[in-house]
Amino acid sequence: MIDHFGINCADWERSKAFYDKVLGVLGYTRQMDFDVAIGYGTEGKPDFWISDMSAGDAAGPNRESHFAFQAAGTDAVQAFYDAALEAGAESLHAPRLWPEYHPGYFGAFVRDPDGNNVEAVFHGAA
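Sequential numbering from 1 applies to the sequence shown in the numbering used here.
Label-pair distances were calculated between CB atoms; the ranges are:
| id | residue 1 | residue 2 | range |
| --- | --- | --- | --- |
| 1 | Ala55 | Val22 | 20 to 26 Å |
| 2 | Glu64 | Arg14 | 17 to 23 Å |
| 3 | Arg111 | Gly27 | 32 to 38 Å |
The hints are simulated quantities; they were obtained by calculation from the structure and are not laboratory data.
Ideal Cβ placement from N, Cα and C applies to all residues, glycine included.
Use the sequences and the hints to build the structure in full.
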């Protein structure tokens, strides 16, 4: 169900050191690092993100609270997006490929009624 999620951190340097250490002993390492956002996971897949809450804005890699749900295919991502807009969500990004994340990453982003950044993602798009 949950593909990945992210939190904001007030003390960026302290948080990086903390998560490097505590996730490291569990076998998780930095999979992606955008300076203001770091994705931890294994085998090239970042499942948990931390972001510097004092850097960037909601349009950049440092987003507000963010949750991504796994979708079964690109049609499911489109259906999620359409249903969200019909239910009153704000569109952040219409469904598309995101090659900057990895080849085949197809996602759509909306802002839910409480202001959270919610995504549906499929990882096998051509």
